[in-house]
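**Student:** Those protein sequences? They're chains A and B, same order as listed. One rule links them: number in this note's numbering = place in the first sequence (from 1) + 27. One rule links them: number in this note's numbering = place in the second sequence (from 1) + 10.
If you are wondering where the hints come from, they were derived from the structure by calculation, not from laboratory data. Honestly, I wouldn't trust all of these hints.
Here are some, though not all, of the chain B residues that point toward chain A, as calculated from beta-carbon distances under 7 Å [stated by the list, open to error]:
#, residue
1, Asn41
2, Tyr42
3, Arg53
4, Pro54
5, Ile58
6, Phe99
7, Ala109
8, Phe114
The calculated DSS-like cross-link candidates involving lysine-lysine, where the alpha carbons are at most 25 Å apart (straight line), are [said to hold, decoys possible]:
#, chain 1, residue 1, chain 2, residue 2
9, A, Lys84, B, Lys32
10, A, Lys84, B, Lys78
11, B, Lys47, B, Lys32
12, B, Lys32, A, Lys36
13, B, Lys32, B, Lys81
14, A, Lys36, B, Lys47
15, A, Lys71, B, Lys81
16, A, Lys71, B, Lys52
17, B, Lys47, A, Lys71
18, A, Lys36, B, Lys81
19, B, Lys52, B, Lys81
20, B, Lys78, A, Lys36
The beta-carbon is built from N, C-alpha and C at its ideal position, and this holds for glycine as well.
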Amino acid sequence: NAGVTQTPKFRILKIGQSMTLQCAQDMNHNYMYWYRQDPGMGLKLIYYSVGAGITDKGEVPNGYNVSRSTTEDFPLRLELAAPSQTSVYFCASSYPGGFGTGELFFGEGSRLTVL
Amino acid sequence: GENVEQHPSTLSVQEGDSAVIKCTYSDSASNYFPWYKQELGKRPQLIIDIRSNVGEKKDQRIAVTLNKTAKHFSLHITETQPEDSAVYFCAASLDTGTASKLTFGTGTRLQVTL
Chain A
28 NAGVTQTPKF
38 RILKIGQSMT
48 LQCAQDMNHN
58 YMYWYRQDPG
68 MGLKLIYYSV
78 GAGITDKGEV
88 PNGYNVSRST
98 TEDFPLRLEL
108 AAPSQTSVYF
118 CASSYPGGFG
128 TGELFFGEGS
138 RLTVL
Chain B
11 GENVEQHPST
21 LSVQEGDSAV
31 IKCTYSDSAS
41 NYFPWYKQEL
51 GKRPQLIIDI
61 RSNVGEKKDQ
71 RIAVTLNKTA
81 KHFSLHITET
91 QPEDSAVYFC
101 AASLDTGTAS
111 KLTFGTGTRL
121 QVTL
């Protein structure tokens with residue numbers, strides 16, 4: 028299993044540009060998440076999904092959109108990029124239903140710079 | 011919503027000494043408290059977790075304690091080694107058996123010196 032795969036690993040955007048961060052998992056996990064990590068600020072939840080066709084906002088959703096058309100994929104869309112979106116983005120997934128372990132399996136991260 | 015505070019932000023210990031990182035949470039309904047380790051440039055990985063029905067959990071050199079009354083939990087690393095150097099994040103959530111909507115602390119950078 029490859030686990031959670033994110034692309035691209037690095038990207039520089041100009042203010043106002045748009046882009047999509049790709050995330051795929053091959054562990055048959057129902058739950059997927061997008062977090063952003065800013066220096067000294069920990070990880071903040073942007074959006075999450077409990078299954079195909081179902082998404083919900085996390086703590087910091089403004090400026091982002093997500094979709095979940097399949098169990099495997101959970102892309103994050105940035106519209107009209109702003110310098111405040113400069114961050115490292117982590118996609119994660121966790122086990123399916125029931126009172127499971129709750130462990131998050133993270134991708135390697137995508138470092139985005141908006142200039 | 012939940013708020014998690016973590017202290018200290020940096021911690022330097024000599025190899026072989028113990029390290030303790032402390033976290034407090036605000037939502038008394040939270041019942042799941044994991045700790046993640048993030049090595050430089052790498053992804054966060056779960057190292058240990060505890061649920062609110064347990065007061066302490068150990069796994070070799072690491073242990074976590076939970077005080078529900080005071081709403082705080084701590085990570086203890088004994089006999090520290092250079093490979094323990096990393097950033098450690100605590101987190102809290104209400105685990106209802108669905109998505110893990112964790113609230114993370116701001117992290118502690120642990121440096122183990124020789």
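**Student:** Confirm or reject each hint.
**Tutor:** Hint check results:
{"no.": "1", "hint": "Asn41", "in the structure": "violated (10 Å)"}
{"no.": "2", "hint": "Tyr42", "in the structure": "holds (6 Å)"}
{"no.": "3", "hint": "Arg53", "in the structure": "holds (4 Å)"}
{"no.": "4", "hint": "Pro54", "in the structure": "holds (5 Å)"}
{"no.": "5", "hint": "Ile58", "in the structure": "violated (11 Å)"}
{"no.": "6", "hint": "Phe99", "in the structure": "holds (6 Å)"}
{"no.": "7", "hint": "Ala109", "in the structure": "holds (5 Å)"}
{"no.": "8", "hint": "Phe114", "in the structure": "holds (4 Å)"}
{"no.": "9", "hint": "A/Lys84 - B/Lys32", "in the structure": "violated (29 Å)"}
{"no.": "10", "hint": "A/Lys84 - B/Lys78", "in the structure": "violated (28 Å)"}
{"no.": "11", "hint": "B/Lys47 - B/Lys32", "in the structure": "holds (14 Å)"}
{"no.": "12", "hint": "B/Lys32 - A/Lys36", "in the structure": "violated (32 Å)"}
{"no.": "13", "hint": "B/Lys32 - B/Lys81", "in the structure": "holds (11 Å)"}
{"no.": "14", "hint": "A/Lys36 - B/Lys47", "in the structure": "holds (20 Å)"}
{"no.": "15", "hint": "A/Lys71 - B/Lys81", "in the structure": "holds (21 Å)"}
{"no.": "16", "hint": "A/Lys71 - B/Lys52", "in the structure": "holds (17 Å)"}
{"no.": "17", "hint": "B/Lys47 - A/Lys71", "in the structure": "holds (16 Å)"}
{"no.": "18", "hint": "A/Lys36 - B/Lys81", "in the structure": "violated (37 Å)"}
{"no.": "19", "hint": "B/Lys52 - B/Lys81", "in the structure": "violated (30 Å)"}
{"no.": "20", "hint": "B/Lys78 - A/Lys36", "in the structure": "violated (40 Å)"}
The structure does not agree with the numbered hints 1, 5, 9, 10, 12, 18, 19 and 20 stated previously, though it agrees with the rest.
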